[in-house]
Each structure stands twice: as structure tokens, then as C-alpha cells.
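**Student:** Line by line, the protein sequences give chains A and B. The first sequence maps to residues 159 to 455 in my numbering. The second sequence maps to residues 18 to 293 in my numbering.
Hints are computed from structural coordinates only; laboratory data are not their basis. A few of these clues could be false.
Here are some of the chain A residues that sit facing chain B, going by a computed Cβ distance under 7 Å [to be verified]:
(1) Ala-196
(2) Thr-198
(3) Asp-199
(4) Leu-335
(5) Val-407
(6) Asp-409
(7) Arg-414
Distance condition first, Cα-Cα at most 16 Å in a straight line; then the derived EDC-like pairs of lysine to aspartate or glutamate [unchecked claim]:
(8) A/Lys-399 <-> B/Glu-111
(9) A/Lys-356 <-> B/Glu-111
(10) A/Lys-356 <-> A/Asp-199
(11) A/Lys-188 <-> A/Glu-366
(12) A/Lys-188 <-> A/Glu-373
(13) A/Lys-402 <-> B/Glu-111
All residues carry an ideal CB built from backbone N, CA and C; glycine is no exception.
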Amino acid sequence: MSVPSSCSQPDIAPAEQRRGGGGGRSLARKTADSVARAVTDVLQNEELAARPGLLQRLDPRVKLLTLLLFAVTTSLVHSVWVLVVLIGLTMILAGTSRVGVTSFARRVWLSAGLLALLIALPSALDVFTPGTALVTLGPVSLTEPGLMGVATLVARVVASAGFALLVIWTMRWSDLLRALSAMRMPDVVVATLAMTQKQILTLLRTVEQIHLARESRTLTRGTTRENRAWVTERMAFVVRKSMKTADDVYDAMLSRGFTGAMPSLVRLRMGPGDWVWALASVALCAAIVAVDRVVGP
Amino acid sequence: MSEADFILKAVGHEYRGGVPALAAIDLTIGRGQHVAVVGANGSGKSTLLKMLDGLVFPTSGDIVAFGAPLTEAGLEDPVFRRDFRARVGFVFQEADVQLFCANALDELAFGPLQLGLPRDEVERRVREVAARLRIDKLLDRPPYTLSGGEKKRVAIASVLTMRPHVLLLDEPTSALDPRSQVWLLEVLEEWRREGRTVVMATHDLSAAAEAADRIVVLSEDHAIAADGTPDEVLAQRELLLSVNLIHEHTHRHATRAHKHAHAHPPADEHGLDHGH
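Please model the entire structure based on the sequences and the hints provided.
**Tutor:** Written as C-alpha cells, this is what we have:
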């Protein structure tokens, strides 16, 4: 069989005739790179959770409950200085758990901290919070009590996000599910969570391949409208594929006798170190709340 | 014939909208037989396997499994369902679909735990199967960190821990590198010695010829076009051409044009392919 002549000759328009042939990265490439980063992040979390650090050694249930206790304590604290101490505690825990203090701080401050600052900053204006003006911005100014309120909120968000990130970074997904199951979380919730992460990863890889396939066959960057139409159509494809995959996964579960429960072979056991950590955490949280009552506003 | 595991009588299936998937299938699968169901893409192989596993049900005709009718209502009965699921294991084409637990250890333990076996027994089975399939070192790993071949091994192991009597395999050699394909054929040979029934859907004629003692050919009309030993079926060149399992391939040797039947992948034992 001979190859049609139309396929054997390259059909490439001269460079000057191509639209948008600039040197920037295409939408497909940018999306594929973002997806690849997301997948890498998940895989990196598994590696962090396997490191021989302080939090990694704890029983998953103890770790989940105590970090939740610290997060609740954070929400009860009013003094910005006590909140700063709690932020310091998250840094110490990150360091002793060998997850990289710099990357931990960057992640917490750049995502949660910056977002909280942007949302809260307008409330420091004298229009909303009267008081002594510290910074004047034309007709309005930022007040001292307003800025103190913003600092308290940002510190609280950063400390809470830090404890949450410590759970994610120091606990394997499988251990988290076991901990939730042991804490009497309904089986249907645990089963859904178990499949969700895996399906998200599978679909992310599909999306990455879709965009790379387009990149490999695309010579121009296309118009915004064309890109939008293509992305919309591909989103519909991914939704259809995710629904089909969900059906197939459920079939696979039924095939192996799924009865609605997600039991695990691993039995969680608390050691002396877990008890010490749990008691120390409760005592520390009580002390933090007590100190806050004394020094807080 | 030996005692039958499955008897299909005039079984048909239509998807929503009346799209046919299987048409008037009469098929008996004897205990201990190794049957390869071959056919082109869309011929209904996977649907047939899902029917044998009680995941899809006929829109016409009847299926009898281990002497009892296999129906949706029948599988609602917990006793029958447990007995049926313990007897039949299904390895899906896409390992990603089958690996839904957080790590390989839970994956292997899932089936036996669902059957209500004691934990000690489950643990013993998991260790035994993991050692046999050489996946001991993968047990702690989440499925998404495994390679394609490793995923397939874990998927097969997750079924073997249930010790099913019947194994249904959908395209078992797909996504496997050559070494893993050889490993799989060795596993199938072991199952033959153990007297387990195997039904595999494939369009890999080479694997079918090697692993099965009976080949059932599905046509593109979703009906059975042939049923016999590998030698009998694979010798029918015109039949295989008509059901789109092989195709005519023309190429040149120096100045001479040469035409022959071609299968993907090659089935050279039966003269269906031409070595290059």
C-alpha cells in the first residue's frame, strides 16, 4: 500500500503566515507542565511520609487527633504573639519530621498566608476599623487595630495551615485512611476517599497526555477562542472518561465480593511513645490556651 | 465433556439504545478447560467475560454457573453471591481499574477480607501469593507508583488471594513487556496443572495458541464464528480474515511483490505470520 502523496509532503505554511507563532509556551504545554507538577507533588508526599522523622513514627490515629487538637487550639487563641509561638511550633515539627523547613514555610506562607492577607487587608482600613492611622493611602488609611486584626487572622490561618500540611506531608494516604477507619468514619466515606486520590491521579495523567498529544501536533498557539473551545471539549471528554472509570472500578470491586466495607489487614497499635506524645500534646494545648487567657486581648 | 462450570444458552446482550454486544451465544465451558475467546475490537469479548462474572446480564437467553442460574436476582442472595465471588476471579484489562486500594497489601487482602476469612488466613495467603508472583517488595507501595507490568502482577495477585476456581482474564498480555508476557504464560500453565478453569479474552492469537486448549472466535456480528482446538481454528485462514483477526499484507522483497496473512501480534507457530 502506498502512502498518499498528501501525507508524504510536509504541509507547513511559511513562518510569516502562521498566527501567534511567538516564543512563549503554548496553553497545551503550560497545562501539561502544571499537571505533571501536581502528580510529582503527590508522589513527593509519599516520599516525605516515609522519612524517619518525629511525626512519621507516630500511630496515624494519634498523629491525626493531636494535630487536629493543635488546629482547634489555634482557633481558640486570640493573642497574635501566642499564635506566632504556634507557628514556631509547626516549624519545629517540620524540622524534626525532616520535611524541609524552607519548603514547608514557603508552601504555608505563599498559599495560605498570602491568600489570608489579601482577603483580610481591606478590613484594616479606617473605613471598617477606626483607630490610630499607621499608613495613609490617599483618602483612606490603615489603622493600628485594623492591622493587628489582620496580623491575628493571618497568623491563625498560617498556623492552622501548617498543622494541616504536617498531616498531609507526614502521613501516607493509606495510613490516613486506616486512621479514619479506626476512628469509626463510615466505610462509604473511607472507600470514596480511597478511590478519589487514585482516580484524580489517573485522570491527571490522562489530561497530561491529552495536552502533550495536542502539543506534538500543533504548530501555532491558536486563538484564545480556539483554545477555549478545545479545552471545553476535552473537559467533557475527561468527565465522560471519569464516569466510565467509576463504573469499571465499581465492577472490579463487586467482582471481588465488595460488601460495602473497606477493611485493612494492617492493625494499628499504640506504643509508649504515642501515649507520651498524646499526653504532652494535650498538656501543651491546655497551657497555650491558659497563657492566651493571660496575655491575650 | 467434563462437568461444566458455565452453560450459556442463546445468550444475547444489547446496550442501551439497542446496540448489540452479543448475539445468540451457545457456549459450554467445562471444568478445568482453558478457553481463549478471540475476536476483533468491539466483537463482544469483554462483555462475554463480564457476563461470566455476573457483572453484566443477558437481555436474552440464560446462563447457568456451577449448576445454578446466574441472574441479577440470584446474586442479591448473600450466600450465593459469596459462593460465586469466591469461585470466580476476574482480572480486568486495565489494571488501573482493578487497583482501588491505598496500597498493594490492602489490594491483595481486599477480596479475602470481603469473603470474611480470618485475618491470619488472609495474611498467610497474601504473603504466599506475593512471594509466588515476586511482588513482596511492592506490598507497601501505592498502585500509582507501580509500573505497568507491576500493576498487572498486583492485579492478578489480588484475584489469586481469593483462590478462585475460575479465572477470567481480559486481554491479559496487553501492556506487558515480553518478559512479563512469558511470566504470564508460565502462570497460566501452572493454573492448568492445578486444574483451574481459565477463560481469556484476547486478540493476541499467539498467546491464545500457547495458553488455551480451546479457542472460541467471535465475529464482528457478535456471534460465535468458530469453536475448536487452536490447531483447528488457527488453520482457518479465510475465517480469521473474515472476522478481522488477521489481514492481508503486501510488501516487497527486492523487486518481487509478496503477499501474506498478517496477525498482530504474530502467530508464527501456525503459519499466520511472516517473519521479517
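**Student:** Does the alpha-carbon distance linking A/Lys-356 and B/Glu-111 stay inside the 16 Å limit?
**Tutor:** 14 Å, holds
**Student:** Min Cβ distance, A/Asp-199 to chain B: is it shorter than 7 Å?
**Tutor:** Violated - the Cβ of A/Asp-199 stays beyond 7 Å from chain B, reaching only about 13 Å at its closest.
**Student:** Quick check on A/Thr-198 please, does its C-beta sit within 7 Å of some C-beta on chain B?
**Tutor:** 12 Å, violated
**Student:** Checking one constraint from the list: CA of A/Lys-402 to CA of B/Glu-111, max 16 Å. Satisfied?
**Tutor:** 12 Å, holds
**Student:** Hinted pair, alpha-carbon criterion (16 Å max): A/Lys-356, A/Asp-199. Please report holds or violated.
**Tutor:** At roughly 14 Å apart (the allowed maximum being 16 Å), A/Asp-199 and A/Lys-356 satisfy the hint.
**Student:** Is it true that the CA of A/Lys-399 sits at most 16 Å from the CA of B/Glu-111?
**Tutor:** Distance ~13 Å between A/Lys-399 and B/Glu-111 Cα, so the pair holds.
**Student:** Classify the hint on A/Asp-409 as holds or violated, based on whether any CB of chain B lies nearer than 7 Å to its CB.
**Tutor:** OK, holds: A/Asp-409 within 7 Å of chain B, min 5 Å.
**Student:** Straight-line Cα separation of A/Lys-188 and A/Glu-366 no greater than 16 Å?
**Tutor:** 10 Å, holds
**Student:** Taken at face value, is the distance from the CA of A/Glu-373 to the CA of A/Lys-188 at most 16 Å?
**Tutor:** 10 Å, holds
**Student:** Please check whether A/Ala-196 passes as an interface residue: C-beta within 7 Å of a C-beta belonging to chain B.
**Tutor:** This interface hint is violated because 12 Å lies over the 7 Å limit.
**Student:** With a cut-off of 7 Å, does the beta carbon of A/Val-407 approach a beta carbon of chain B closely enough for the hint to hold?
**Tutor:** 5 Å, holds
**Student:** Given a cut of 7 Å on the nearest C-beta pair, is the interface hint for A/Leu-335 held or broken against chain B?
**Tutor:** 5 Å, holds
Of the numbered hints listed earlier, those contradicted by the structure are 1, 2, 3.
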